[in-house]
Structures are given as structure tokens and as C-alpha cells.
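Engineer: One-letter residues, chain by chain:
Protein chains: 2
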Amino acid sequence: MSDKRQGTNSGQRASRRDFLKAGIGLGGAVAAGKAFAAEADPAITEVQDWNRYLGAGTDATPYGMPSEHEAEVVRRNVRWLTASTESSVNFTPLHALDGIITPNGLCFERHHAGVAEVDPAQHRLMINGLVERPLVFTVDDLKRFPRENRIYFLECAANSGMEWRGAQLNGCQFTHGMVHCVQYTGVPLKRILDEAGLKTSAKWIMPEGADAAGMNRSVPLEKALDDCLVAFKMNGEALRPEQGYPLRLVVPGWEGNMWVKWLRRIEVGDMPWHTREETSKYTDLMDDGRSRRFTWVMDAKSVITSPSPQAPMIHKGHNVLTGVAWSGRGMIQKVDITLDGGKNWQPARIDGLSLPRALHRFYYEFTWNGEPLLMQSRAVDSSGYVQPTKDELRAVRGLNSIYHNNGIQTWHVTNSGEVENVEIS
Amino acid sequence: MSDKRQGTNSGQRASRRDFLKAGIGLGGAVAAGKAFAAEADPAITEVQDWNRYLGAGTDATPYGMPSEHEAEVVRRNVRWLTASTESSVNFTPLHALDGIITPNGLCFERHHAGVAEVDPAQHRLMINGLVERPLVFTVDDLKRFPRENRIYFLECAANSGMEWRGAQLNGCQFTHGMVHCVQYTGVPLKRILDEAGLKTSAKWIMPEGADAAGMNRSVPLEKALDDCLVAFKMNGEALRPEQGYPLRLVVPGWEGNMWVKWLRRIEVGDMPWHTREETSKYTDLMDDGRSRRFTWVMDAKSVITSPSPQAPMIHKGHNVLTGVAWSGRGMIQKVDITLDGGKNWQPARIDGLSLPRALHRFYYEFTWNGEPLLMQSRAVDSSGYVQPTKDELRAVRGLNSIYHNNGIQTWHVTNSGEVENVEIS
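Residue numbers (my numbering), protein chains in the order written: chain U, 754 to 1178; chain W, 754 to 1178.
The hints are simulated quantities; they were obtained by calculation from the structure and are not laboratory data. This structure is a prediction, so every number in the text was calculated from the model and none was measured. Do not take every clue at face value.
Which copy is meant is left open, because identical chains are indistinguishable; a pair holds if it fits in one copy or across any two.
Listed next, the in silico SDA-like pairs over lysine to any residue satisfying Cα-Cα at most 20 Å (straight line) [unchecked claim]:
1. 976 / 922
2. 956 / 975
3. 1087 / 1137
4. 1069 / 893
5. 976 / 1026
6. 956 / 1025
Chain U on its own, in the form it takes in the complex (with noise of 0.2 Å):
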């Protein structure tokens, strides 16, 4: 009767004999619960004011919110990193999270002008240029279009940017948190352009945002008609205003400036745009000067969220180690950690979903003795591709660009249980 449908295709699975194997079988208990008949817990022993009192009714939260013991896992931006609050990004709490959906309210957000607050009844979706008949769309229009739903990552080709000469943002949040994972609904836009009917030169798209920064983007006609959606949903309800309210391109598996927000028109041509956002920015600039274009696929890559600096160690022997793992060209096939800087490695197990071009969520139990660590997770995904070291990227990159660092990453585990980013070669 149990759930193998959602469960793992790969990696160990842990069973109870590897749990007694690791030494936290009897033993263990008492070093993870505490056995009775010690000295009295007042937390048992006296009764507590949520024990005693009515709490709050129905009408105190329509729409809910975490609990104010959480109130410190929010979404964080770096004042420095960037010119304005306006053009900046604010980061996913990767650190305090667990499983693979990412809540709306910490997904990750990252814009040019700003959040559009857009009126959905004054919103239109025009489609143009290489079809037998231009439309316009109403947000309702699109809804009497077949839908789908389907749960993908999106990440930021500037993710882990700041890595590339060295470490240097201290926490996971930071140094990986332009990533999340929601399930999305929308129409497939292979859909609407068959509405507008493609003429037989189209090869290209041009999606452009609604806010005041005009977002714009070539993206190839092939990639347009093969999973990209034109969504008005994420995890069940309206698009969140950071997230393209009221609606966004969604473009699995690629970088997430493509996948562009308060999505207003899609003209369609038969060569890319070369725009802005891939001319001077979006592009990897390379040690001799020249530029790597229209590098759309976000390569596989993981990273351990706990330990990690914002989640530090706090007890000695049992403890359980977890991540994200992500391949924009599948699925993730299997996650190997080492916790002595890359000599020994050994299998984490995947739980949960194993989705393509979705967050996999991994797990490696392990027992501390308090020495220091050298912990790193490296990911091998569906297409055989095995996530590179920092130092691997750069021999080929150079060191200039900001974009596609999915290096490996290295946390430092100190004897009294902190994290630190750190790079070992």
C-alpha cells in the first residue's frame, strides 16, 4: 500500500539496516530522542498556553501566512550586488527549505524595473509578425484553451554567478537561491501560434514583458512548439505579481530571463532579434574577449542546503544532509557526496518526485564526530552529463563571465559545527 509511485528511480534508498549500520540503531535512540525517567521536562511537565487557551478563529487569516517562529525565512537580496532595489534580485531561502516545491512566497525574484503591477482586465497578449492572422488575447481568452500542468526549476543564468573567482556570498541562500521549482498551469503555446497560424519561413520568437523594462528575448521556433507554456498559474493559484501576474512565458530546463514575465507579446520571425538581453547582458564573456550567445540550457548541477553557513551543524553523531539537485536537460540520475573534500564519495539517496527539468530533492545520513568537514555534492544527470568542478568551468570559461556557474560547491564545517563557503583545489 505504500507510495512507490512517488518515490525515488534512484540513488540508495536508506533501509533500516543501513540506519543500524550507522550506528544510531538502539544507541541512537537516545542520542536522537531522549529517554523518560531523566530529569522532568517542563516543556512535558507544565502546560502550555496553547494547551490552555482557545487560539485564533477562522476569520483571523483568509489568506494564511507562516508562523511568526519562522519569521526569519524570507527571501533576502544583497544591497551591494546590485545598483538599485528596483533592478535586483531577492533569493530563495534554499537553506530552510525542504522536498521540491518551492512556496510562492519565497520563490525567488529577479527583475529590470521593478515588479509590474498589472491589472489583468487591461492585459492583452498580442501575437504577431510571421502568421497568417495576428491576434489579440484576453487573460481569459486563454483560458478556453486546453491546459497543462506541469512542475519545472527555474533558474537564473546569474545563479552562483559571484563564484567564479572565488568564494565569496556565505550562504546557500545566496550563493545558490536564484532557483525554485512550481508546478505551473498554462497553455501550451505550440496552441496559440497554431492559432495564428505560423508561416513556413518562421523559425523564431520574440516574447516581451509588459513592465517597464520591455523584456525581450529570441528564442528558437523549435523550443516554442516542443513544452513552453504560456502559464497563468503557479502551485494552484494566480501567477504571484514578482512571478509575471498575470501571465509568463514558461520555458523549461532554460535560463530564466527567457522565461519572461507580464508576458504582453509574441512576435514570431525567421532570425533571432539580437536584443539588448543578448548582446550586452545574458551572454559569457570568455578570457579572450569573445562572447558565448543564446547559451539557453541550464546545465546540471546540486548543491547541499543543510548543513550549509545560514543552517549550521548542531549536534555531534546522527545527522541527516540535504539538497537540490537540477539538469536542464532531464532528469537528475544520481547525487554523490563527500564529506572530506572530494576523496571518498559515496551515493545520496533521491526522495520523492524525480521529474525532468524539476528540483530532485536528496538526502545523505551520516554520522559527525566533530572533526571538520569538506562537504560537496556533484550531479550526474539523465543525459549522462556529470556537474564539473569550479576550477573544471573555468579552464574552459576563463574568468569573466557571471553566467552558467553550476560548479561544484564546497562547505567548510568547523569544529564547533559552523559552515563557511570555501573553495579547495
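Assemble chain W onto chain U, guided by the hints.
Structural biologist: What follows is chain W alone, placed relative to chain U:
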């Protein structure tokens, strides 16, 4: 490259060809979108403020919230239904949602003594009774056990309970909104019970909450050891206060009151406790005055969420009907739709993930000519069980119960597009 793994495994899958057959091909384009060169649309020709000025920056919403244009999409209670707001229910706005994930802020809440605001540092989970080693765990202790991630629906036994005696509440939010579906992260209960060591006489457990109601229920050990979780996260972040922060029991497929919130103690015994909540409450009173007890599993059920009374029809021509289906016994195998009160049935398309004991999302595309409709959905689960009519349920169970009403719901669409809760026989 498209995501077969995330697709449906049952029901009809609408193809472009179906779409054309339904009469919304080229002609439908003009019905769905609007061809250019009709009169000018100021929503396109005028530059909107959000296109002209910078929006809010990253300091604005450390924890994000929905657009102000979605202010009506909230949980709602029904004042006359309960004596107080503390012992009450706040319903999920199903009519406005899509996909299978319910966002945390909109998950229905039902409590008997209001929302306990528990300090996690002062919270403990005690395991006592027929165990070798009674144990006490802090919340941190539990995070040292191996974790699992699972997506499950949770339905209150009283969902649709007001409809036993006839159509009563005019809104899908109120007739069916005591259900939600999220991804839980937690520890298998079996792991925790194994640490305490079950005595051979152990047959039942009694989870107990830390709220002022001290909610408790008897759960057979077989279920406890099969797939129950002690959860601390929902949709990636900490449980919400109204969902049991910091710990709740997850009892997949079984009625919601057994998913004890603010979980503070699990007693192990050799027979059920016959607590208040399983004798005077949460039993199904039959016509002859006897009660069905321990009716734990939630049988297969479905409902059309849009159109519905709070989501009227606004277009003639092509329309998308959508809804949710679920079963405590496994997966949903198919959902059939009738628009004429049961004379003709057509298969709906189940889209997205099909997971055991999780919500399933279905769609049915159809053309509306403006005549009145009598819409129903009927689910069949993976055990072969067919969702019954309300009259079939009443023939067996009478009219005295308020629990376990999984009968087929009828919505009457008037020629003006309004939708009413009705019954037909």
C-alpha cells in the same frame, strides 16, 4: 523532449485534432482571440503605467503575497454552520484554483479550539505506552531521522456534509472546499516507533494534539507502520500554524481529523481508546439510530470546480470545464463528465501527475450554445470503485449522517451562464 513523465496516464488526451473536431479551429481562433484591425484596443494602443514606471523593488515583499486583483481568492467560513469561529472551518477556494497543488495560504483549516500558536523550541513529541523505551523528541531530534517527501490530499470527513439532505450551499468552495493537497516532508512514523521498540501486544496508536482541544484518535498499528508520516514541512516550508506547526501526523487517504495537528504525543496500546472524537463525533449515524464507526478511508470523489456557482460561464462557444478527483484507496483511473444530467457521459482528460492518494486534475473541453446545462463529474479509482450518486448513498446510509458524502455533485448552468447547486433524480 516533451515531458511524458509528467503527463496523464488515463482518460482522453485532447489533440489538435480533437480541438478542430470541437469546432474551434480557424473559426475558433476568432472566437478565442480577436483578429487584428478591428477597432483599436486601448489596452494595446495606450502605454500602461506598469509599462512606464519602475515597479516595487526587492525590499517590498520578503515574503510574497498574491496580487491585489486576486483579493477575492481567500479561505471563507460560513457563519451559521458553526457555533464559533474557533471551532470552525475555513474553506479552500477550489473554484479559483487549478493543478493539483494547493498553495499553503489557501489550504482549508478546521479546528476544534482555534489555531494553537506553538513555540517549536518548547514543543515535544512523546512516545509512550506499549513500547520498550518511552521516548521524548524535540523537533530538531526528528530532523535527524531519514525524511520522505510525498504529495497527498487531505479531506475532512464532513466535506460535503451539508448536502446529505439536499443541495444547500451555493459554491464549490463551501460544498467541497474541505480538501487540499500539498507536498509533505516528514519522517515515516515507523522509524520513530522502531526507535521506541514496539511490544508484541501493540495493536493501536493514539496520536494527540497540543491544542486546547487535545484532539486524539485511535489509529490501527498496521496503518501507522505502512505510510504515516510525522511531517514538519508542507510545500517546502514549515507547516503553517493552522496545519499543525511544528508537527502533524499524515495519514494518507484517511479522514482529516486523524491527521492530528500540533502532534505532541503518540500512545501505543492494544485496543482502540474510543475517544470522544470517534464515539460522539466522526461516526456516521444511520437511519436506524446505529452508527458506523472507524470509517477511516475517504472514498473516491470528484467535483467540477469551474464552472461552479462562484465561477459562472462567461463565454458561449468553446469552453474549458475543470475539476478535481481523489481517492483514499489509490489513484484516479478515470473521470467522466455529463452536461445533460446523466444521459450522455464523455471521458475527461486527466492532466499532470497521477499519484496515489493525491488530487487529480481533470479537464473537459466543450462548446456551449447558451442552453441550460446539468453538469456532473463521476470518478472511478484504481480499485475499480465508481463514485455513487447521492441517492445511491442515501439508500444505504439514510439522511442522519454528516460524514463521508462522496456523492456526485450537480451544477445547473442557466442560459445566462449562472451556476446553481441543484439535485436531480
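Engineer: A separate judgement is required for each hint: does it hold in the structure or not?
Structural biologist: Going down the list of hints, with the structure as the test:
1. Taking the shortest alpha-carbon separations for residue 976 and residue 922, neither the intra-copy value of 34 Å nor the inter-copy value of 46 Å comes in at or below 20 Å.
2. Taking identical chains as interchangeable, the C-alpha atoms of residue 956 and residue 975 lie at most 20 Å apart only when both belong to the same chain, with a minimum of 8 Å there against 59 Å between chains.
3. For the homomeric pair residue 1087 and residue 1137, the shortest alpha-carbon distance inside one copy (10 Å) is at most 20 Å, but the shortest distance between copies (36 Å) is not.
4. Taking identical chains as interchangeable, the C-alpha atoms of residue 1069 and residue 893 lie at most 20 Å apart only when they sit on different chains, with a minimum of 13 Å there against 56 Å within one chain.
5. Within a single copy, residue 976 and residue 1026 get their C-alpha atoms as close as 16 Å, which meets the 20 Å cut-off; across copies the closest is 59 Å, which misses it.
6. In this assembly of identical chains, residue 956 and residue 1025 lie within 20 Å of each other by CA distance solely inside one copy; the values are 8 Å within and 68 Å between copies.
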